[in-house]
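Turn these sequences into a full structure, and let the hints guide you.
Letter by letter, the chains look like this.
There are 2 protein chains.
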Amino acid sequence: MDWRGKHVLVTGGAGFIGSTAADALLARGARVTVFDNFSTGFREFLPTGEGVRLVEADLLDAAKINEAMRGVDFVFHLAANADIKDNLEEPRKCVDQNILATYNVLEAMRAAGVKDIVFSSTGSVYGDATVIPTPEDAPFPVQTSLYATSKVAAEGLLTSYAFGYGFHVWIFRFVSLLGPRYTHGHVVDFWRKLKRDPTRLHVLGDGKQQKSYLHVADCVSALLTAVDRAHEPINVMNLGHDYWIEVDASIALIARTMGVSPRLEYGGGDRGWVGDSPKILLDTTRLRRLGWAPTKTIEESIVETLRFLMETPYVERRG
Amino acid sequence: MDWRGKHVLVTGGAGFIGSTAADALLARGARVTVFDNFSTGFREFLPTGEGVRLVEADLLDAAKINEAMRGVDFVFHLAANADIKDNLEEPRKCVDQNILATYNVLEAMRAAGVKDIVFSSTGSVYGDATVIPTPEDAPFPVQTSLYATSKVAAEGLLTSYAFGYGFHVWIFRFVSLLGPRYTHGHVVDFWRKLKRDPTRLHVLGDGKQQKSYLHVADCVSALLTAVDRAHEPINVMNLGHDYWIEVDASIALIARTMGVSPRLEYGGGDRGWVGDSPKILLDTTRLRRLGWAPTKTIEESIVETLRFLMETPYVERRG
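As they're listed, the protein sequences go chains A and B.
Here the first sequence stands for residues 1 to 319, where the numbers follow the working numbering.
Here the second sequence stands for residues 1 to 319, where the numbers follow the working numbering.
Fair warning: there could be bad hints in the mix.
All copies of an identical chain are treated as equivalent in the list; a pair is satisfied when it fits inside any one copy or across any two copies.
Claimed, not checked - In silico EDC-like links for lysine to aspartate or glutamate, alpha-carbon gap of 20 Å or less:
#, residue 1, residue 2
1, K85, E107
2, K279, D248
3, K279, D242
4, K93, D61
5, K115, E90
6, K115, E89
Calculated directly from the structure, the hints in this document are not laboratory data.
If you're wondering where the values come from, they're calculated on a predicted model, not measured in any experiment.
Given below as structure tokens:
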């Protein structure tokens, strides 16, 4: 796809994934409107230069997203409440920020005649997957978390708009991402705790959860590759690495990189939190058939994430 | 389950399925609170007698459902916007009446400490099913309609509340129901058209769509059987007959029962409307293993539906 001169709206464009995607689109000659409420985004991540517009607003404000959508050619809808672990404390957040926000984006697109959208869903939609690596057409899963439920709902809204209104949708079921601008998740949690007390580390679950991760640059290259090469009205694709690592291995690498040797204290149980999927490894055959492959290992990605956290003090001020 | 003295809240209790379920619960000795906004329900369907309470309100009014939930033991959440065919004209309806309404019911339950809920989902969640008869763990489907999307979202909310808050949930994926108090769907559509003009009938699609149907009494007996005998925290079950009939066969039976011989005019295409699933036959092994079986054929159910429509003039005044 020739992005030159295309006007792309990136929701969550001040966030980890959104800002990285915005940079990549700008580098390919697109104009970018960043739509972000800065609930978790950082001004420091914002792309700069000509061709960038910032709309500071919440997606629940329908008038604002309707207005921002005018003249847009393509949408990257990457804004979300990604706080899986804590969503039971405030269930409304997932409903609002992931379901209603997505509905507002789609309605704004419909009103403005915009039909192309990339969407970040999650590998958590497979719940306690019975097939691993999990393909996109795995057995219909039971949803175990509000976060995954809200993403399944958003996926359904997108595909219904494809059937009903002629939209073209690219839905990616992400594993957890790592890399520069990562500000939220297990690496930052462990890093914070170890900075506070390098002698011990409390670990949710039993340390044996196995999960795949992907570097954010490999993620963005996957999104752009798929838009280039997958042209069905509805494209649903897993996105992840072809192996997983145990939480314990991840901790060992983090500790080594930080130069600390904590005693580990396990919370117990086989999952990190209620609704956690203890094993996440996605079958990415569909995406690989398009010619995409990850370029960084999970271990490299963890180390790079830590380097970013250590070199970027403003990230710590938040959260 | 001994329903005597139990207080059951039935959302949509003035509707086709809800009022039939309410009657069955009352007959088993339960007290029933009917919660209905009368958007499609009928006062004539309301159960009567001691032990019945009516709350006339909308599920989007959180204060009202919160208040109605006090002292309740069990919820039958059967209220929904069931207008699959027209949801593209007003997409917000499915989001509000099926997703947000379900969220409000669950939050009211959580606040009141109520944990048991029966929920009417739909066989449409399987989209264009690739396995027929379709089992509950069929390949993860792509959602083709806003209606099915909203039901998938509601299912996920229920199962997330089971994981997160210890709810017990019985989720039934319904085929279309037939029988007394049926006021909405293909039989009433054909009946209305044929009363207006018995010489011809416009048929959506090509008349070859094949769908399973179930009598509402068999549906309600299935719900009660499952609550009695299935005790997992999460119970997901298909609900339908073990065969299907073609739209053309359904029309022939309706015409014969009405004593008319219309010329058929087909709208064309292999589905009735955008997002319609042209083939619906569910694998009901799970439910049958509990000892349930349908007692009425689809043909009997169609004829009984027509008799009800012919004998119940007030139904025609609506819609």
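*When no copy is specified for K279 and D242, does a C-alpha distance of 20 Å or less occur within a copy, between copies, both, or neither?*
within (13 Å within a copy, 37 Å between copies)
*asked:* With identical chains, the pair K93 and D61 could be close in the same copy or across copies; at 20 Å between alpha carbons, which is it: within, between, both, or neither?
replied: Both, since 15 Å and 18 Å are each at most 20 Å.
*Between the shortest in-copy and the shortest cross-copy C-alpha distance, which are at most 20 Å for K115 and E90: within, between, both, or neither?*
Between copies only: 18 Å across, 32 Å inside.
*Given a CA cutoff of 20 Å, do K115 and E89 count as a within-copy pair, a between-copy pair, both, or neither?*
between (35 Å within a copy, 17 Å between copies)
*Indicate which option fits the pair K85, E107 if close means a Cα-Cα distance not exceeding 20 Å: within, between, both or neither.*
Cα proximity of K85 and E107: across copies only (19 Å, versus 29 Å in one copy).
*Classify it for me, K279 with D248: is the Cα-Cα distance of at most 20 Å met within a copy, between copies, both or neither?*
within (14 Å within a copy, 48 Å between copies)
Checked against the numbered hints given earlier, the structure satisfies every one of them.
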